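Chains as they are written, first to last, in the working numbering: chain Z, 1 to 922; chain V, 923 to 1208; chain X, 1209 to 1362.
The hints are simulated quantities; they were obtained by calculation from the structure and are not laboratory data. Here the structure is a predicted model, which is why all the values come from computation and not from measurement. Hints should not be assumed to be uniformly reliable.
Claimed, not checked - Some chain Z residues flagged as far from chain V (calculated, every beta-carbon gap over 12 Å):
1. G26
2. E559
3. E672
What the hints assert, rightly or not - Within a straight-line C-alpha distance of at most 20 Å, the following computed DMTMM-like cross-link-like pairs (lysine to aspartate or glutamate) qualify:
4. V:K1090 / X:E1299
5. Z:K777 / X:D1311
6. Z:K524 / Z:E89
7. V:K1171 / X:E1299
8. V:K1016 / Z:E877
9. X:K1235 / X:E1306
10. V:K1175 / X:E1277
11. X:K1339 / V:E1088
12. X:K1343 / X:E1277
13. X:K1320 / X:E1306
14. V:K1090 / X:E1327
15. V:K986 / Z:E878
16. V:K986 / V:E1137
17. V:K1175 / X:D1311
18. V:K1016 / V:E1137
19. Z:K352 / Z:E458
20. X:K1343 / V:E1088
21. X:K1339 / V:D1115
22. X:K1339 / V:E1191
Note that beta-carbon positions come from the ideal geometry of N, C-alpha and C, so glycine has one too.
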Amino acid sequence: MVSVGRHENITLLTGSNVESVSGYVGNYQVKVRSTPRYVIEDLCTGCEQCASVCPIEVENQFELGLSTRKAVYRNSPQATPSAFAIEKEGVAPCRDACPAGQRVMGYVALVKRKRYADAYWTIRRDNPFPSVCGRVCNHKCEDACSRNAYDAPVNIVALKRYVADWAYANRDEVANMTDKSLLGTPFKKEPTPTGKHVAVIGSGPAGLTAALDLVRLGHAVTVFESYSVAGGMMRVGIPPHRLPYDQLDWEIQLIEDEGVDIKLNTRISNIPGLLDDGYDSILIATGVHDAIKLPIRNSNHPDNWLSVDFLKRALLGEALDLSGRNVIVLGAGDVALDVARTAVRLGTPDVKILCRGMRASDHEIEAAIEEGIEIVSGRVFKSVVVEGDRIQGVECVEAEVGGIVEGRRIVEELPGTEHVVEGDLVIWALGQKGDYTFLPRDGSINTKYPTGIQADEELKTTLEGVFVAGDIRNGWTSFVVDAIADGHHAARTIDRFLRGDEGIEEPKKHPRVAVMETTRIEEKIAKGLTSSKDRNEPISIPPMGRVNNFNEVVQCFSEEQAIAEAERCLECGVCAECMECVAACEKGAISHEMEERVEEYKVGAVILATGFKDFDAGEAPEYGYGLPDVLTALEFERLLNPSGPTAGKVLKRNGEPPKRVGIVHCVGSRNEKFHNYCSRACCMYSLKLAQLVRDYVDAEVFEIYRDMRAFGKGYEEFYNRVADSGVNFYGGNVRSVRKQNGHLSIHWDENYFDQPDQVDVDMVILATGFEAAEGSKNVARTFGISRSSDGFYLEKHPKLGPVETATNGIYLAGACQSPKDIPDSVAQAGGAAAIALALLDQGEVALDPTLAAVEVGLCAGCGQCVVACPYGAISIEEGVARVNEYRCKGCGTCAAACPNKAMTLVHYEDQQLIAELIGALS
Amino acid sequence: MQTKLLQEHAQMLLDTAQVECVIGYSLSPRGLTRPMFIYRGEDVEQLVWNQHSSHNLAKYLREKIVDLGDTGKVAVVLKPCDTKSLNVLVAEHKIDRLRVHVIGMACSGVVKDNNQERLQDRCVECEMKQPLVYDYLIAAEHTPEVSPGEFDQDSWQTEFEDYSSEQKAEFWLAHFDRCLRCYACRQVCPVCDCPTCLFERDDSLWVGPGSSIQEKRMFHLGRAYHLAGRCTGCNECERVCPVNIPISKINQKLAQVIEGEFGFRAGIEAVPSPLLTVVSGKEYGG
Amino acid sequence: MFEPKIIAFLCTWCSYTGADLAGTSRKSSPWNIRAIRTPCSGRVSPEIIIKAFDEGADGVIVLGCHIGECHYDSGNHRTAKRIPVLKSLMELVGLEPERIRLDWVSASEGDKFSKVVTEFNETIQALGPAKWLTKGVGVDVPVLDETKVLQREG
């Protein structure tokens, strides 16, 4: 193999499939699609460091499922080429669903292995606010999780929070570690300064994410924040019982430590002025901080508060005391619940939420109800009732609320149900809108209808150099993760604006999303590769202990819970792109950006050597496959191999060597139920295995055979030697292998009267036969060759053309043509090579004159011949059929299909056939 | 009024130069409905639509498009059954669908030539009141009641199936004897369009031009086989035969065989006949 | 004993070779089978089968490679689709469907070739000569009976 790999005239294309073949003998164009290896072959030294740090483990197909391997792997130490390869099934559905592209599978797998720092870097690679998303995200990842089809999705949010909390708790250690989060990104810790200066307006998630990316690309960034604290809505909009400030502040501090300059208490209202001041580019990321209020009667009474204002005042430390105030919250989303639960903690004795239909997440609603908040849904508010100078309540009607159609809820008010809900403080939480007053008066930065700032796909506004990202872009609220994604996008577009061709490109996505089907999930769980346990939920502080303080309500997972939850991940995409391998490889040989290649090669001849497939013993349960210590011959070979799953020892499942081994012949062969043919090689390999068993362990060996086919040179002699060496031979057709009295019991129909028909052993080896290789049907189609009824490729003639096919220029070698052993395969291969060389050496090709021909004057161009031809040798050109004489094999199917016989077959023309008919019938 | 709507639409198409020609029906000087080609907006008053609109106008499409050269569209008035023929032609790449503007007419049946109180046999059990494809639909209006007649396809078929081989042979030979080789059936068929018909060759390889029954039988059988899976049952062939040969019965029989063997009915979708299509993976017996 | 005129369309690679094998293995087959060899059973058009009957054949048998084994990949699939349609058509106009047969014989099936053509011969012998050829109306075909013409009116 090594000499093949090294030969200068041989190009090895691995991970490749022939997609299509066109042309004809001597002149084929072969299109090959190669899946990328993701490892640069010339640089990889095979040191295995990458595999030792990879967190993903899967079944090892090379070891036939007898052991596991990592996502980055090499089949065996003797592999040619000897480089490693990474298996990527596609992008995992969790990652695909996340707007920020978080490598969910990666950090979950690292949590499973207790590598929390590595998990933290994996999260931080795409998300500078793990503590926020780990608490308040709308988790599209969980909605897309493959496990939804089986039981419940992995609790990704809680796992992310676990890592974030761990990182915060160990932040001093983390500060001293090497930051791996930049691997696999175009960012650097200490980049060359570009001399460009970017102003970011707003320090919310969008603004800060963009700012961090930009400094990592070498630009200078100043963030202008109008409030007295940074963080935007994360800091002033989410109350601390859901998101404590200290972790968020730490994450913002890390951003500042990397060079982002945040100027607090600075409101910008002169954007063109900033450009004049020398900023090369501006990013507007101001968010939507105005709450919506309906213009109903008395809605401008001063005791009508706005959600955003209320939360900001509470969260910025103003000592609000709501004791004695009865609060009515108008609204149906998460913000309404935040407002209500904050109000509770500020002392109000009574809070009601009025809405048409509740839209918040279920667990938030539950938590709110537990805290004594009353939710009154199915209401439309009509007016605020004021008496004197105090609000008495809100007048509403009951309504039947249906679903949401085209973004609007269907609401039917029920007449005659007007009533007043009592309260003296109304807080509006109907939604938010943006403030556009800071934009230039001359309209040089256009807004968009109905809300938002106009921007193109590069997030450019109508003013040169000014970009927009985050909630303000569309003018309505989204989730934090959407803002982070927008921030990353803005950083890329601004970089491209500032540096032109040198700016970073949009990341490419893997074309396939690897959702795992239910059958595969069940298999994985049955094999013990994934946990079958139920989803873990974090616990919350009971209501009594939380309504009078702002302590965080939902608790973090314990380590046991986190690991148990992480074990539920199915690892759909296999490789998670966590970049641990990149960090470990000293040669820099790993390249996750490699792409599929499609290349066309011009070749003169093709030799197919696609091999065979082992008969699946699971299809013949009578032979006991599936019972412990019943192995196929191929699996047994892996046991013998020093680089195999048992390091070359012959061991039973319980770890002990066997004492009695039975070898069963003809499994899947010579059997009407499976295959009628004899697989030719099994008798001899069974003898070899018998001898090897005796070499490796001290065991009694029993061979139960129907016939002994020892047809080759030296084969009979070998048989005799093995027979003389003390191996027991019984002639008979094995009927079953069963578990009986603690042993494996083999039963057969004995060949001769009065011979044993049963033996008890503790290990059974099944001599499974050969089948046509998987996908041989497609290969045959692609190359235009036939298969015989047993599925192997059809040779041109069994005696006179064993290595050729009916298609000129395509040759066969080895077991793909029929079951055979290695000496015969090698001989056949030599023959195929010789014929191929003879063909290429000729320089010219002689064709059979029996070809299809068109009488152009009669041809109607109807195209029936084109579809009839099995070889695609006919095309319609300029309205008439044209035959490619090199592809035509001379079958005449086109001539029979042609309605008015414009198409004919030379030497078998209709005139000739009819003349034969007339002669024969005279 | 369907006619009014048709005329207005045709006028619009021609005046705005969306099409170069409208193929529809008009009345002859003697009051018989016949096909008509309209090229100018001012002529659209000649267009009619009535219960005598039997002709399958899909027949004229291929030649008309060829006449126009590389560009230019043709509008055509098609009944639901005619749109099936259009599907077959499109499936076989004989017509570029983009060059045809189909004016689909909802139809409740057309009457027989020589008994205007009765619907044609093919309309009696027709369930296709709406065209399968159209670019512009002219919906149905209330039409005067016309009695369907007493023709019962099933009982004819059962009766015929019971004949012995000899009786069947006699039946058809007697009919083929009366055939004039006028080729009207072939000429009116939308899917029969070879430049030189197999049965009209100068070298008479398959049949001569003569009038022996055998030759005429070969013509009819051969043509029926060529239509297998492609004939949509418009029955125009039978209508135009000057000697009343029941040609459509042969085509119907083959259509039933095709439906039984392949589950396929011609013209329902723009998909070619299973007799012509490439072998699928299922059939490949692998 | 009536000796049928039977035309057998055989494909070069499978059924013709099978017929050869039947011969060299000394398996007996009826001598009145007239073989017409084509490269593939797909070459056999329904029109030529009708022509065979028009030229006086009493029976036509088409033998090709087994499905999945066609030497030309899928020519026999086309034949498998065409022949049943042709049989229905011929049956409609009064030819017994047993007079056309399609079967599959591989190059190694000399036995099967012999068996199939012998069976077919016996079937045709039992049916008698094909009444396909006709001299004309009034001679061996009766003049049309008006009541058998389908009325187009009323």
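Structure-based check of each hint:
1. G26: 26 Å, holds
2. E559: 52 Å, holds
3. E672: 18 Å, holds
4. V:K1090 / X:E1299: 8 Å, holds
5. Z:K777 / X:D1311: Violated, because 24 Å separates the two Cα atoms, which is more than 20 Å.
6. Z:K524 / Z:E89: 15 Å, holds
7. V:K1171 / X:E1299: 13 Å, holds
8. V:K1016 / Z:E877: Holds: K1016 of chain V and E877 of chain Z sit about 14 Å apart, inside 20 Å.
9. X:K1235 / X:E1306: 24 Å, violated
10. V:K1175 / X:E1277: Given pair K1175 of chain V, E1277 of chain X is violated - Cα atoms ~32 Å apart, limit 20 Å.
11. X:K1339 / V:E1088: 8 Å, holds
12. X:K1343 / X:E1277: 44 Å, violated
13. X:K1320 / X:E1306: 19 Å, holds
14. V:K1090 / X:E1327: Violated - the C-alpha atoms of E1327 of chain X and K1090 of chain V are around 26 Å apart, more than 20 Å.
15. V:K986 / Z:E878: Roughly 19 Å between the alpha carbons, so the hint for K986 of chain V and E878 of chain Z holds.
16. V:K986 / V:E1137: Violated. K986 of chain V to E1137 of chain V sits at ~33 Å, over the 20 Å cutoff.
17. V:K1175 / X:D1311: 24 Å, violated
18. V:K1016 / V:E1137: 29 Å, violated
19. Z:K352 / Z:E458: 44 Å, violated
20. X:K1343 / V:E1088: Holds: K1343 of chain X and E1088 of chain V sit about 15 Å apart, inside 20 Å.
21. X:K1339 / V:D1115: 33 Å, violated
22. X:K1339 / V:E1191: 40 Å, violated
The structure does not agree with the numbered hints 5, 9, 10, 12, 14, 16, 17, 18, 19, 21 and 22 stated previously, though it agrees with the rest.
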